[in-house]
Amino acid sequence: MAHKIGVVGDKDSILPFKMLGFDVFFASEAKEARTTIDRLATENYGIIYLTEPLGKLIPDTIKRYDEEISPAIILIPNHLGSLDIGKKRIQENVEKAVGQNIL
Amino acid sequence: MVKLNVNPTRMELATLKAKLSTANRGHKLLKDKQDELMRQFILLIRRNNELRAEVETKLTKAMQSFVMAKALLNEKFIEELVAIPPRSVSLDLYEKNIMSVKVPVMNFKYDDNEDSEELVYGYLNSNSELDTSIEQMADVLKQLLELSEIEKTCQLMADEIEKTRRRVNALEYMTIPRYEETIYFIQMKLDESERAAITRLMKVKDMG
Numbered sequence: 001m002a003h004k005i006g007v008v009g010d011k012d013s014i015l016p017f018k019m020l021g022f023d024v025f026f027a028s029e030a031k032e033a034r035t036t037i038d039r040l041a042t043e044n045y046g047i048i049y050l051t052e053p054l055g056k057l058i059p060d061t062i063k064r065y066d067e068e069i070s071p072a073i074i075l076i077p078n079h080l081g082s083l084d085i086g087k088k089r090i091q092e093n094v095e096k097a098v099g100q101n102i103l
Numbered sequence: 104m105v106k107l108n109v110n111p112t113r114m115e116l117a118t119l120k121a122k123l124s125t126a127n128r129g130h131k132l133l134k135d136k137q138d139e140l141m142r143q144f145i146l147l148i149r150r151n152n153e154l155r156a157e158v159e160t161k162l163t164k165a166m167q168s169f170v171m172a173k174a175l176l177n178e179k180f181i182e183e184l185v186a187i188p189p190r191s192v193s194l195d196l197y198e199k200n201i202m203s204v205k206v207p208v209m210n211f212k213y214d215d216n217e218d219s220e221e222l223v224y225g226y227l228n229s230n231s232e233l234d235t236s237i238e239q240m241a242d243v244l245k246q247l248l249e250l251s252e253i254e255k256t257c258q259l260m261a262d263e264i265e266k267t268r269r270r271v272n273a274l275e276y277m278t279i280p281r282y283e284e285t286i287y288f289i290q291m292k293l294d295e296s297e298r299a300a301i302t303r304l305m306k307v308k309d310m311g
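Same order as they appear, the protein sequences are chains X and S.
All the letters of the first sequence, read from the start, carry residue numbers 1 to 103 under my numbering.
All the letters of the second sequence, read from the start, carry residue numbers 104 to 311 under my numbering.
Okay, chain X solo, but in the shape it has when bound (with noise of 0.2 Å):
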């Protein structure tokens, strides 16, 4: 099944994504971002890529997503450079698998 990849975040980060092929989408609050994330999810997206800043806004709706097998949610930095709450979450991962963090 052919699905699409899409990239919600600031205008500024995000517009080179398109000249790879990926569907870009702006956002800069909140409630934009958990809607077209929403939306996207719907529409048969198998990879959101979200700007860490936005995905720090709203940590519900990627949890939402987590459990289920698409959309896979990406943390990406932005121009700014990175939140480091990517790396937190593989972090979060490791200890709630192990029971401790090993990395």
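It is worth saying that the hints were derived from the structure and are not from the lab.
Heads up, a few of these hints could be off.
Listed below are the simulated DSS-like cross-link pairs for lysine-lysine, each with C-alpha atoms no more than 27 Å apart in a straight line [what the hints assert, rightly or not]:
#1 X/K63 <-> S/K245
#2 S/K136 <-> S/K245
#3 X/K96 <-> S/K199
Computed footprint of chain S on chain X, listed as stretches where at least three residues anywhere in the stretch have a Cβ under 8 Å from a Cβ of chain S [to be verified]:
#4 3-10
#5 57-65
#6 69-79
Short, incomplete list of chain X residues facing chain S, as computed with Cβ under 7 Å [said to hold, decoys possible]:
#7 G21
#8 A41
#9 G46
#10 I47
#11 P53
#12 S82
#13 I85
#14 N93
#15 V94
#16 K96
#17 L103
Quantities reported herein were computed from a predicted structural model and do not represent experimental measurements.
Note that the Cβ used here is the ideal one computed from N, Cα and C, for glycine as well.
On the provided structure of chain X, position chain S as indicated by the hints.
What follows is chain S alone, placed relative to chain X:
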């Protein structure tokens, strides 16, 4: 440990013994599942961590040069530039089963033709920062896509490992000890009543 609230009868004993053997078998199976999941998870999570660190630095750099390019150019030019993407990535997604955890397998198809892979734009409306930015983006693409697959897989596996661990612990520390204790209790009760019956018979015989 509390024993179950059951009557000490032979029938109850038989049912409990059957339940205990099922519980033991389930515990062993789940324990094996947990071990295997853990092994695979640890392999993946290390890769995940490395990839993420790498992708994050590369992406940030690419975005920064893009912002720089964008600042130096008229915004209209940039928008015109990206209006029609020169390449497209399509994603085939199907499920794979790792120890009953459904994880996505992502197959990517880049259909950029080798000849025209370069984004075509004029010298007038662009600058060298833009070139670098595009190059860096294209460079990071493959890793970014790999990261997506691994990270989602890790996410799903972590959830499943947690669930399995709870089940294993519940069986090991609650269900099985309870059954064992109740079986022991019923056994003792039955033995006791058997001895009581024998004594009674001997007494009756003595009277005659």
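A quick look at each hint next to the structure:
1. X/K63 <-> S/K245: holds (26 Å)
2. S/K136 <-> S/K245: Not OK: S/K136 and S/K245 at ~32 Å, beyond 27 Å, violated.
3. X/K96 <-> S/K199: Holds. X/K96 to S/K199 sits at ~22 Å (cutoff 27 Å).
4. 3-10: The restraint on the segment 3-10 of chain X holds, since 3 of its residues have a Cβ under 8 Å from chain S and three suffice.
5. 57-65: violated (count 0)
6. 69-79: holds (count 8)
7. G21: Result: holds, 4 Å to nearest chain S Cβ.
8. A41: Hint on X/A41: violated, closest Cβ of chain S at ~13 Å, above 7 Å.
9. G46: holds (4 Å)
10. I47: holds (5 Å)
11. P53: For X/P53, the interface hint is violated, since the closest Cβ of chain S sits about 12 Å away, which is over 7 Å.
12. S82: holds (5 Å)
13. I85: violated (11 Å)
14. N93: holds (4 Å)
15. V94: holds (6 Å)
16. K96: For X/K96, the interface hint holds, since the closest Cβ of chain S sits about 5 Å away, which is under 7 Å.
17. L103: At about 5 Å, which falls below the 7 Å cut-off, the nearest Cβ of chain S leaves the hint on X/L103 intact, so it holds.
Against the hints set out earlier in the document, violations occur for numbers 2, 5, 8, 11 and 13.
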